[in-house]
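Engineer: Sequence:
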Amino acid sequence: MPDTPIPCQFTSSVPEPPLARRRSRRLTGAIRREQVLRIAAGLFTSTGLHGTTTQALADAAGVSEPVLYLHFHSKESLFREAVEFNIQKRLRTLEDRLAVIDAADRRSGIERMAEATVLVCVCGPAHAALLNWALLESPSYAISLYRGEMSAVEEMWSRGLRRWRGVRMAGEFVPRAVEMCLAYGLWLAACGHTAESAAPLARRFTIGLAARR
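Quick note: the sequence shown uses this note's numbering, first residue 100, plus one each step.
Everything labelled a hint here was simulated from the structure, so no lab data went into it.
Quick caveat: nothing in here was measured; it's all calculated off a predicted structure.
From the three backbone atoms N, C-alpha and C, an ideal C-beta is built for every residue, glycine too.
Keep in mind that a hint or two might mislead.
Simulated DEER-style distance windows between Cβ atoms [to be verified]:
#1 272 with 239: 25 to 31 angstroms
#2 253 with 295: 53 to 59 angstroms
#3 299 with 271: 42 to 48 angstroms
#4 152 with 203: 18 to 24 angstroms
#5 155 with 235: 15 to 21 angstroms
#6 132 with 290: 39 to 45 angstroms
#7 247 with 153: 38 to 44 angstroms
#8 204 with 173: 49 to 55 angstroms
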């Protein structure tokens, strides 16, 4: 399989520019709410919860502070929603990528699942930063998010591995493999890698991981 970078379809760590004042001052519909969460995720990625003011969030989203409070109740609530939105977006992206993997055997399937898991972390650099900010604000909250994310990815892997029959694997392989892939992917993201620069590193890592099954 060639070392072709997987296209990124994830939240950028750079905040979107303020919306034009001609746009509606109200938050209406799921699409508008998602847009605000994307903008908030970008700001929180750069300056964290306490370094980001509600005025800055409102200005970037093109709404007033009262409207922001009406829909998200507090800056802390918006922060948590942005973190969780980012994780769910990442999980949906990974699920889509794992669903289309077509491999000849289990080993090559494991390599491709592992590679997708690593690279989706790099495609969403905001994810690593937001999780770090969440860890600073509330370690127990961040740990619960990470454990929930690991469980979701483990289930995706288990579904994927059922495609290849006739080979038994140790019960602890999937949890350990998922943990290693997420940790490595988040580390690459924290180091500032892009999908292009991380692709060969992820490929070598996943070949070694599959060989250990």
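Engineer: Run every hint past the structure and note whether it holds.
Structural biologist: Tested hints:
1. 272 with 239: 25 to 31 angstroms: Cβ of residue 272 to Cβ of residue 239: about 28 angstroms, so the range 25 to 31 angstroms holds.
2. 253 with 295: 53 to 59 angstroms: For residue 295 against residue 253, whose Cβ atoms are near 28 angstroms apart, the range 53 to 59 angstroms is violated.
3. 299 with 271: 42 to 48 angstroms: Violated: the Cβ-Cβ distance is about 28 angstroms, outside 42 to 48 angstroms.
4. 152 with 203: 18 to 24 angstroms: Violated: the Cβ-Cβ distance is about 54 angstroms, outside 18 to 24 angstroms.
5. 155 with 235: 15 to 21 angstroms: The hinted range 15 to 21 angstroms holds for residue 155 and residue 235, with Cβ atoms some 19 angstroms apart.
6. 132 with 290: 39 to 45 angstroms: 32 angstroms, violated
7. 247 with 153: 38 to 44 angstroms: With Cβ atoms ~28 angstroms apart, the hint is violated.
8. 204 with 173: 49 to 55 angstroms: 51 angstroms, holds
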